Amino acid sequence: MSALDPIILFFLLGLAAGLMRSALRLPAAVYEFVSILLLLAIGLKGGIELARQPFAMLLPQMLAVLAMGLLLPLVAFPVLLYAGRFKRADAASIAAHYGSVSVGTYAVAVAYFATQGITFEEHMPLLLVLLEIPAILVGIVLARGLSRETHWGAVAHEVFLGKGIVLLLGGLLIGWAAGPDGLSSIAPLFFDLFKGVLAIFLLEMGLLAAAQVGALRQYGPFLLVFGIAMPLFSAVIGTGLAWMLGLSVGGAAMLATLAASASYIAVPAAMRISVPEANPTLSLTASLGVTFPFNVLVGIPIYYALAAKAYALLGG
Amino acid sequence: MSALDPIILFFLLGLAAGLMRSALRLPAAVYEFVSILLLLAIGLKGGIELARQPFAMLLPQMLAVLAMGLLLPLVAFPVLLYAGRFKRADAASIAAHYGSVSVGTYAVAVAYFATQGITFEEHMPLLLVLLEIPAILVGIVLARGLSRETHWGAVAHEVFLGKGIVLLLGGLLIGWAAGPDGLSSIAPLFFDLFKGVLAIFLLEMGLLAAAQVGALRQYGPFLLVFGIAMPLFSAVIGTGLAWMLGLSVGGAAMLATLAASASYIAVPAAMRISVPEANPTLSLTASLGVTFPFNVLVGIPIYYALAAKAYALLGG
Amino acid sequence: MSALDPIILFFLLGLAAGLMRSALRLPAAVYEFVSILLLLAIGLKGGIELARQPFAMLLPQMLAVLAMGLLLPLVAFPVLLYAGRFKRADAASIAAHYGSVSVGTYAVAVAYFATQGITFEEHMPLLLVLLEIPAILVGIVLARGLSRETHWGAVAHEVFLGKGIVLLLGGLLIGWAAGPDGLSSIAPLFFDLFKGVLAIFLLEMGLLAAAQVGALRQYGPFLLVFGIAMPLFSAVIGTGLAWMLGLSVGGAAMLATLAASASYIAVPAAMRISVPEANPTLSLTASLGVTFPFNVLVGIPIYYALAAKAYALLGG
Amino acid sequence: MAQSNERTRKLLTIITEAAVEASLVRDIERLGAHGYTVTDARGKGSRGARNAGWETSSNIHIEVVCDANTAQAIATHLQDHYYANYAMIMFTMDVEVLRPEKF
Amino acid sequence: MAQSNERTRKLLTIITEAAVEASLVRDIERLGAHGYTVTDARGKGSRGARNAGWETSSNIHIEVVCDANTAQAIATHLQDHYYANYAMIMFTMDVEVLRPEKF
Amino acid sequence: MAQSNERTRKLLTIITEAAVEASLVRDIERLGAHGYTVTDARGKGSRGARNAGWETSSNIHIEVVCDANTAQAIATHLQDHYYANYAMIMFTMDVEVLRPEKF
Ligand SMILES: Nc1ncnc2c1ncn2[C@@H]1O[C@H](COP(=O)(O)O)[C@@H](O)[C@H]1O
Ligand SMILES: Nc1ncnc2c1ncn2[C@@H]1O[C@H](COP(=O)(O)O)[C@@H](O)[C@H]1O
Ligand SMILES: Nc1ncnc2c1ncn2[C@@H]1O[C@H](COP(=O)(O)O)[C@@H](O)[C@H]1O
Ligand code: NA
Ligand code: NA
Ligand code: NA
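Chains as they are written, first to last, in this note's numbering: chain Z, 77 to 392; chain X, 77 to 392; chain A, 77 to 392; chain L, 0 to 102; chain P, 0 to 102; chain S, 0 to 102.
Note that these hints are calculated values from the structure, not bench results. Quantities reported herein were computed from a predicted structural model and do not represent experimental measurements. Every residue gets a Cβ at the ideal spot worked out from N, C-alpha and C, and that includes glycine. Be aware that a few hints might be false.
[Stated by the list, open to error] Going by beta-carbon spacing under 10 Å, a handful of chain A positions derived as facing chain X: (1) D81; (2) L85; (3) R101; (4) A104; (5) P264; (6) V273; (7) I276; (8) L279; (9) G316; (10) L317; (11) A386.
Kindly generate the complete structure, drawing on both the sequences and the hints.
Written as structure tokens, this is what we have:
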């Protein structure tokens, strides 16, 4: 089903073109342009919702999500260190990637839920932003300990003022301030074109994912297994947390998807600066080469089924 | 009010991101793409109107606006030279910037008037084009005198065949030739997306404005004062001229806005070639760092209020 | 008529700006972006149709078009070699350009037919893809003979995995798999913006065409004559073939346009690699500097008139 | 560095404002260079940072392979006509070329 | 190669990951260089291909004209703080500058 | 220019058509270079202006740091396989590298 959503087909097209070593490339500027549009659109969508919600009501959700962002890398780290036999820095960096989120995966889930007519708490982008950050800090501490060497000021700057966060948060604030009517004039670009832009983005993601295959071969099967098992585990955590927070089934599936997604933009950039001794190829191979394709191709429907089943059992 | 228009919020987002030294950047190609779309869209809009108007009727307006374009820099020059104590070349260059116009400011005004339901003479883009040029020539003469050294051929080429003029004029001609029906097929890109594209443009403008702050500190308060006082003065002139030409209140507010806006694309480029001894940082700091933010954040509503009051007094 | 279609006016604007040595340039990334959008949109449109057609029914058309792609360069080659006195490699390369197709020309024809209310077989993009390839192989053989030196593997890779083919074929497959409903969510970007994006593309094509004029002067009148006579001849062949295949008049005019169009993307790239001794300026001057402008400005309406007349005579 | 004098030429590198590209390359050709190569760049110098955010603040990096006299002529011309008013640096080095007749 | 010693400076070229641009230029300035020029690049080396498809995999090409001591200082600093963890190469050559006082 | 011979390598610069990038870097690696760096460029030469308006007319600027023999091998290969048919120039200079073992 999801596999037939045209945007997924664009991902497969990019993947195939990449694997067949096609000359197809998207200029870096085009990739940045579509990323910027997606980040702003997602932020704006979430911001509109925030206007409708009493902030206090969101606080528990926000804190719970922050906690999840701290927890997930702490779970992943020992697995990578002992089972995966990775160097400490590499284990910490990969853990940070999986504790954080992938906006692209979220966007695909939004599109999938829309076609499936699944509703979810619209303020999800707020949780997305919150989930992006804590894992990075955990990752640095796991790699370094709380050493004085770490320039936390620089880290904070890198993390909070990175492109992704600024555009998401900025979109949230603009959407919150302007409200649905205020945004109607810019809706044609940010909302009507959303799925088309997402299609172009996924075409490029397919090309990028294909480029990881070589490294994947080299670093053996562990990354492959971890890149699929970890998201499944995170999805369970996310579903459970959503249930405790009293989210809808759709909201639970969405939070599961966020938990299951692995960063490939914010975290790599931050790790490269803050934990340079970690080999960036390892984490990118896992998150871009394994987890992203897994999530967009089969993960998202699985997470929804999981949430539905869980809510049926637990009674949500 | 205007400050809550989402496109203004995008400008503030860019400004904030820039001031906080965020890593957010728009690729130069994206900035050029959105500029091209805006310039063409504005030209097309104006061209449609031209088709509806007897050209002869526009002639007086066109000549009057050309005269204003010659006058404004002549007023600004002595102020900058004596009060501002700038070198002759710098005074001339800054004067040229303020005698010319900013298409971005015009676009924001168009958006603001639309949300406010204010109507204005739709052929305004024609006057915009006319207003862009004369100040450049005046600036060169002010800096050089009518010296033989100046290669007027090169200057004319630089001015009339610069990107901005070509796209605006081209748009005007295409809109004029094709008419409203002819353009309906390209309306989705150029008209429906207009405000969304403008939002992206303003995001970048905010980043650029923020980048001027350092220079602003350095060059002291005079530029700050001039960058606000000059547009207010120009707005009065523009309003008066509009009244004499018998434009509507909206048209007067728009002509005031054009008069008050300062160029940051066409004029800098022309001055750099024709008056290279002028320090480009000075004029850009004033027009990008002071006047553009002032106009889009508070100026435009002021100019409309001004026009309304003036017309009430003078009886328009 | 066609000359007043706004998208044609964008081409003329680019042409004029280029000839007047305007500073107007489109960033390469923008040009690539609009090309990518056009290629995908055309593929998607065709793919939707394929879903509706029994593949077997298309087979004869596909084979016939492949044959035409092999024939046309074989006709052009001796003319260029003997009448044009070109070196063997140059004659072969130019012949390949004219045996293949121009997607931009097809897009303009689609727009023109739409405004004229002319219908045609919607699976035309499939024939477009098929027509793009064989001429390249013929061109290589004409230049080289069936020498062992030619790395046919590399050639095939270059040809089948070039950007254009991948995006067209990919679009076809996606459109075919997703069907009209599946694509509705991405229609705003790929279909609603089609003509606007085409306008930007034509603006750049005008600039590129203008850049060929210098070379055109240098290489004398033969290229000019050939660049107009060859498409007219090809259009006749295309019309005849369409009639034999039982296509509609619109379909015949479209196949004539495809036959008459000359490649300026896929073939130049392939020839540069496979027949490097051919002077790329010659073929680009003819296809970009003469044939493309001729086709979009006057050719397309002529080909439709031709098809109409032919069908009236032959009784279609 | 160069084994044989005939193969040695000057590589002249100019880094300056994108705004002057057109006139600069015109001058370079007029002064006898047989070619030039331009790449877009950003940077910082005595005239402050030029971060290529947009045209006005972007740099170009021009390389010219030519004989010593031409290099000298270009250098002098730039010094007289550009240095005072434009952000610009220039430096030269010896290079060994494969087809001396070209330069 | 340089006729007169006072006109001779070092051209230091660094090719590395785009990710370190900000901190790298900060260090270069701190170590006494009066300027630098950056161009975007792609390439391949011991750490594999970096094809500039997107930020994470793109390179930058930095040129610094400075005196021998500054070049030495920068080289040492890079060796100590970047080489171990980043894709990076560095090389120097002698260049003749037009306005020695600038560098 | 180079103090110590072991630290001296050749910097080979090739400026040519973007169209040949793929095959060119393949050849460069095959001929023994341990890496290369590519930047996009535009320019003008004996084969006319290549202003990078689009793929077909854009240039690339390739730098290869390698030992003298590899540089010689690459130069010879290019002369035999590319010069006749492609817009291309090439030049070499001596550079001092920090980690000679890399090149
Ligand atoms: N010491 C230097 N090393 C490398 N590039 C420099 C240096 N100084 C200046 N530049 C470049 O030359 C441009 C103009 O220099 P300036 O005229 O000093 O502002 C700067 O924007 C830099 O790109
Ligand atoms: N031998 C070489 N010649 C030219 N550039 C090189 C060479 N080796 C490495 N590079 C460049 O330096 C970057 C980092 O090199 P490395 O640390 O070896 O991966 C590569 O991505 C290339 O752009
Ligand atoms: N004398 C030169 N100095 C610098 N770059 C050159 C020179 N000659 C040619 N080039 C570059 O090399 C490319 C190919 O040169 P050519 O084969 O002479 O057309 C040109 O497009 C320029 O980018
Ligand atoms: Na996660
Ligand atoms: Na003004
Ligand atoms: Na053809």
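Hints versus structure:
1. This hint holds: D81(A) has a C-beta 7 Å from the nearest C-beta of chain X, less than the 10 Å allowed.
2. With a least beta-carbon distance of about 4 Å to chain X, the hint placing L85(A) at the interface is held under the 10 Å criterion.
3. With a cut of 10 Å, the hint placing R101(A) at the interface with chain X holds, because the nearest CB-to-CB distance is about 8 Å.
4. Given the 10 Å rule on beta carbons, the hint for A104(A) holds: about 8 Å separates it from the nearest Cβ of chain X.
5. A hinted interface residue such as P264(A) counts as satisfied when its beta carbon comes closer than 10 Å to some beta carbon of chain X; here the least separation is about 8 Å, so the hint holds.
6. Given hint, V273(A) at the interface with chain X, holds; its Cβ is 6 Å from that chain's nearest Cβ, closer than 10 Å.
7. For I276(A), the interface hint holds, the least distance from its beta-carbon to any beta-carbon of chain X being 7 Å, beneath 10 Å.
8. Interface hint at L279(A): satisfied, since its Cβ lies 8 Å from the closest Cβ of chain X, which is below the 10 Å cut-off.
9. Contact between G316(A) and chain X, as hinted, is not supported at the beta carbon level, the nearest pair being about 32 Å apart and thus beyond 10 Å.
10. At a threshold of 10 Å, the smallest CB-CB gap from L317(A) to chain X is about 30 Å, leaving the interface hint violated.
11. At a threshold of 10 Å, the smallest CB-CB gap from A386(A) to chain X is about 29 Å, leaving the interface hint violated.
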